[in-house]
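Engineer: Produce the complete structure using the sequences and hints provided.
Protein chains in written order, with the numbering used here: chain V, 1 to 159; chain F, 160 to 528; chain H, 529 to 748; chain Z, 749 to 1171.
In short, the hints are calculated from the structure, not lab data.
Some hints could be false.
Where chain F lies over chain H, by a calculated footprint (3+ residues, C-beta under 8 Å) [claimed, not checked]: (1) 598 to 609; (2) 663 to 670.
Pairs of lysine to aspartate or glutamate, EDC-like flavour, derived with a Cα cap of 16 Å [to be verified]: (3) K539(H) / D343(F); (4) K144(V) / D479(F); (5) K144(V) / E212(F); (6) K144(V) / E68(V); (7) K77(V) / E295(F); (8) K694(H) / E739(H); (9) K87(V) / D46(V); (10) K539(H) / E344(F); (11) K77(V) / D46(V); (12) K623(H) / D655(H); (13) K539(H) / E347(F); (14) K87(V) / D29(V); (15) K77(V) / E368(F); (16) K536(H) / E346(F); (17) K536(H) / E344(F); (18) K429(F) / E347(F); (19) K581(H) / D613(H); (20) K77(V) / E49(V); (21) K208(F) / D145(V); (22) K536(H) / E347(F); (23) K77(V) / E1090(Z); (24) K129(V) / E196(F); (25) K536(H) / D343(F); (26) K694(H) / D613(H); (27) K623(H) / E212(F); (28) K694(H) / E631(H); (29) K144(V) / E346(F); (30) K1134(Z) / E1090(Z); (31) K333(F) / E295(F); (32) K208(F) / D150(V); (33) K539(H) / E346(F); (34) K87(V) / E49(V).
If you anchor each label on the Cβ, the simulated ranges turn out as follows [what the hints assert, rightly or not]: (35) N18(V) / N340(F): 45 to 51 Å; (36) G807(Z) / I584(H): 24 to 30 Å; (37) E212(F) / E699(H): 33 to 39 Å; (38) N340(F) / N688(H): 45 to 51 Å; (39) W835(Z) / A567(H): 44 to 50 Å; (40) G684(H) / D299(F): 25 to 31 Å.
Virtual Cβ for every residue (Gly too), placed ideally from N, Cα, C.
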Amino acid sequence: MTDEWNGNSLATALAGENPDAIESCNRTDVWVKGEHILQICFTLRDNPEFGFDLLNSLTAVDYLDYFEVVYHITSLKKNASAVIKTKVGQGRNNPVLASVVNVWRGADYQEREVWDLFGITFEGHPNHKRLFLWEGYPGHPLRKDYITYDQSINSEERG
Amino acid sequence: MSTTEPITVNLGPQHPSTHGVFRMRVTFDGEEIIDVEPVFGYLHRGSEKLAEERTYTQVLTLTDRMDYVSSMLNNQAYMLAVEKLCNVEPSPRGVWLRMIAAELQRVASHLVATGFLIQDLGALGTPLIYAMRQREYILDLFEMLCGARITNSYLRPGGVFMDAPDEFWPALDKVLNDIPNALDELEELLSGNEIITSRTQGVSILLPETMVNASITGPMLRAGSVDWDLRHRNPYDFYDQINFQRPLHSSSDNFARFWVRIQEARESVKIIYQCLERIEPGCVRPSFHDVPRLIRPEPGDAYAAIEGSKGELGFYLVSDGSIAPYRCHVRAPSLINLTLLREMLVGTLFNDLFVSFGSIDLNMGEVDR
Amino acid sequence: MIGLGLLKGLKVTLFNFIRKPVTIQYPNRRVGLFTISAANSTNPFKFFIKQPKTAIKSLLNMATIPVKIPQSSRFRGNEFTWFEDRCTGCASCAKFCPLGIIEIVTQPGGTDGQEGESYAIDVFDIDIGRCMFCGLCVEACPYDALHMGTLFERSGPVRNNLIVTKEELIENQKKPSSWYRPQFEDDSFNPFESEIDNHRQAGRHEKPSDEDMHNDWVNR
Amino acid sequence: MTDFLYENVIFRLIYCNLSGSSDKCVNEYGYVQGIFPAGFEWLAFLLAGFLLAFIFINGILGAVILSIWGERRLYGRFQNRLGPNRWGPWGLFSSVADAIKVMFKEDVVPSDADRLLFNIAPILMVFPVFMIFSVIPMGIGTFVVDLNVGLLFILSVTSMSGLAVVIAAWASGNRIAIFSGLRAVAVLISYEIPMALSLVGVLMFAGTLSLGGIVEQQKIPFILLQPLGFFVFFLASLAEINRTPFDLTEAESELGAGYLNDYSSMKFGIFFLAEFAATIGSSAIITTVFLSGWKGPDILPSQFWFLLKLVIVLIAIVWVRMSWPRLRIDQILELAWKGLFELTLINIVATAILVTIWPNPTMGEIWIMAGINWLVAIPSVIVVGKVLRRKDNKTIQAGRDNEPYPVGTETLAPSLVNKVGEK
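Structural biologist: And the structure:
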């Protein structure tokens, strides 16, 4: 059974490395400040205490007043997993985050997907293009304020 | 004086061997590949957006259509995420049934993968048809279980929607008896054949460290002798009660990937036999009192992953307390396993392009969603 | 390069060459003289005298006999079976449809309800052209009024013909699938032969007594 | 009036019935009175030639149609299914229907194409294939022409198909087609050398280049006397006609249809026809040169034995095509230059020694020669195969990883684990 890191313990352990980086934590998750994410990720990978060598999943959630980028990471060596979250784009403007491609190569397509569907810019990504939609597609569809085709048709009909 | 210049060719989206509508912008120097750039999105249907305006049960029908050669596994991964989100205690018989269904689907998926390997190698469909023939028998079983062959929608939160009919069990026995023979036949065509071994061995080698760093999971990772199988390392359902081998191969080339798949299909048959021993009569899903038709989970999030046929198949669900998921993210192994496509292909010849590509065993429905 | 593995491959294909083909010919099967005479339950000579034209055709392998594909009783086909008397017009099916293709218009005042007063159903349209046959509508129906069908041969050149209306649903042959309706699943049931004479027996439960309904709904 | 045409049964029949007076038209039944008056022998000659060619070419077309149907049925059976069986008895008219469909399709010429070359290529492709058949004796007296340089003629004519493929590929203006064309050149040129050299042994035994002569010289089929020659020639002709395992030119799973990508309608049909006719042609050459052609027991006509052997070779080609995948291009060229070429040299040396020892062999000595040749053939094939395989083993070793990746070697301290999350 893969052990889940207790968020509070992980936050304490990470605070030993970089006390400013941790924003908050609960039993399962750790919220890291956006500007420290790259450094924290390097620590998580390289520090043998953590040894998170596999990035399971990278995704984002639109919480209306901010975006949250979620990293599910696993250490194969310790068979332990953890969840790291970052709040970006407070007030929905200018969501920018450092890319973690240099930490985990597996973030490559997932960051492009997040940029494509949420419009979160990943600085330092080597190939920062849209993944599924074409260049010049208006808007980022998984944002909650995105108006789909059906919705636009309906609003036109209503006048 | 003669000069040479590289030539750039667009392969796909309409190409017979791209396993769907995949497009690659490949630069060749003669027959040698010097650059590859994959282009996605030709089958993008916005499943994640669609999921946000459907109830938890309705999203199930979308998961069928993501990886359409292993729908049962998609169902399973999604249902595990929903159960984790809602804290549902599943019914034991339902869990055993869905494990049987999932392992059958794994066999079917691996059969397809192996058949398409030999097809990509240039055999004119013979091995593919042998593989597909066996897969059809498995799909017949699915039709008995849930009335559909591909888009199953068989699972429900906490189990399966209905118990298996009486005629299912003898039919299952018959199919399970046949599968090893069919795998032997495929292996005789595959691993003994000098043309195949000389073409696949030593091609597109990936190092284990690189693969783990690039989040590659599933048979590809195990072909590089990394013993990472979620059924074993993080047992979901009742996999902790089951003994099975994890076939590993050390060479991490195209041949190893397919060897691992065939051996895994054999192991799946053993797992099903063990499930058949342990399954007991009982309810296949919790009552509607425990799990109503319209689920309203507490606000929160849950990530559940299974060992899919292609790799770690995960669902990340966020609930805001309403009947529809606030966010439904799929951790698609097909997409993420493509991360190292360029490393795999550069330096090989055109002939091996689609073999290496096929050895990833990707499915466009899952890559683009 | 040159070795026994290649010969092994040849052996596998040769073995499959002499195996019986797995093809199922649909909708009809090409047969020879012996098979067609057996299908007509005569011997070849008598058959030749009786139907010389068909017999010569069969000698050229051009005679055909129809084929039915074996299918599970849970098969989710597209000829929806709807028992109008059982339907109360609650529109649960329409709510559960992931694609929203079931259109129901009702008005109060019907008399056919099973549990309590129901609505008269004016419109009951299913747009099969967009249906994906997930069966969630059947699962949602609390009164066992809607069933999946067992047929699958509904194709046509016009998309509008794929909208099944209320009248069509009433007139249709009732050949329900046993998807989520386990009562159809006993051995004797054959969707191609059996017919449900009394559709009121199709339900999972009989009509409850007034007392039961009172206990169920009022004292809840 | 040349004699070699006159010996042809069909030509002779037509010519003698047309020609007014000719002392050569006396057969065992006596003098034949022709239709034309005297002095019009040239017209009879022309007409007879034209009719012969007409019958001949249409015969090939019919054979191609039949062989397409037959191959598709065989593919079906090898793949454990039925194959085409709907149109006509046993599906015989399927390929007729296909031919009609192909004829009525829209003829598209891509805008980037070189129109002239694009249109010439199909003709260039189908032309040499028909020429092959003209020198093959299909039975006693059943041939178009018995050239005394028949084998050389075949070898030179078949090289033209490579040119046609390159022209088609270049004229399409399509990058994928160009890949196909370049591959075709590489493969065809490489395989022509072992193909030609593998026939040298046959020539030493037969002492003639005429195909009719070769058939008559075969006291036992040359496949027994020349196992290496047959092996190399069979593989080389598979490469020449682009069949698996050498179908690089049309590699379906890589190039789509290769040089045929942009062809449609009847131009595609002609390529398709040429391809199948080439298959029949090469099986006919194998039958003639190695399987003693039309020779067989006298109970049935010689044409039947020829056809029977031809069909057996065709089935063997289909069987190989159904069972084996394709080789990589470097492996194909390696096989030609490092494998088959050496094998042909061994064969030539062995045959030369045998022919020097027994210049005029009796039947017993022929069997001894066959035995010696088999003794030479089997070890040399094994040795060459081993030599070719050695390089592959090296590359496999390079990929091995010494230490396994650490998985689950350590555990997390219990104080750090999120306990509630467990089941």
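Engineer: Does E295(F) sit within 16 Å of K333(F), going by the straight-line distance between their CA atoms?
Structural biologist: holds (13 Å)
Engineer: Take the C-alpha atoms of K77(V) and E368(F), compute the straight-line distance between them, and say whether it is at most 16 Å.
Structural biologist: Holds, because 12 Å separates the two Cα atoms, which is no more than 16 Å.
Engineer: Quick one, are K536(H) and E347(F) close enough, alpha carbons at most 16 Å?
Structural biologist: Answer holds: K536(H) to E347(F) is near 7 Å, not above 16 Å.
Engineer: For the pair we were handed, K536(H) and E346(F), check the Cα-Cα distance against 16 Å.
Structural biologist: holds (11 Å)
Engineer: For a C-alpha distance cap of 16 Å, please report whether K429(F) and E347(F) respect it.
Structural biologist: Violated. K429(F) to E347(F) sits at ~21 Å, over the 16 Å cutoff.
Engineer: That 45 to 51 Å hint for N340(F) and N688(H) (C-beta), does it hold up?
Structural biologist: At roughly 49 Å between Cβ atoms, N688(H) and N340(F) fall inside 45 to 51 Å, so the hint holds.
Engineer: K87(V) and D46(V) were given as a pair; does the straight-line alpha-carbon distance stay at or below 16 Å?
Structural biologist: Roughly 23 Å separates the two Cα atoms, so the pair is violated.
Engineer: Would the pair K581(H) and D613(H) pass a check requiring their Cα atoms to be no farther apart than 16 Å?
Structural biologist: violated (50 Å)
Engineer: So if I understand the rule, the pair passes when the alpha-carbon distance is 16 Å or less; does K536(H) with D343(F) pass?
Structural biologist: holds (12 Å)
Engineer: Would the hint linking K77(V) and E49(V) be met if the CA-CA limit is 16 Å?
Structural biologist: Distance of about 11 Å is within 16 Å: holds.
Engineer: Run the distance test for K623(H) versus D655(H): straight-line Cα separation, threshold 16 Å.
Structural biologist: holds (14 Å)
Engineer: Between K539(H) and E344(F), does the CA-CA distance stay at or below 16 Å?
Structural biologist: holds (10 Å)
Checked against the numbered hints given earlier, this structure breaks hints 7, 8, 9, 18, 19, 23, 29, 34, 35, 39; the rest are met.
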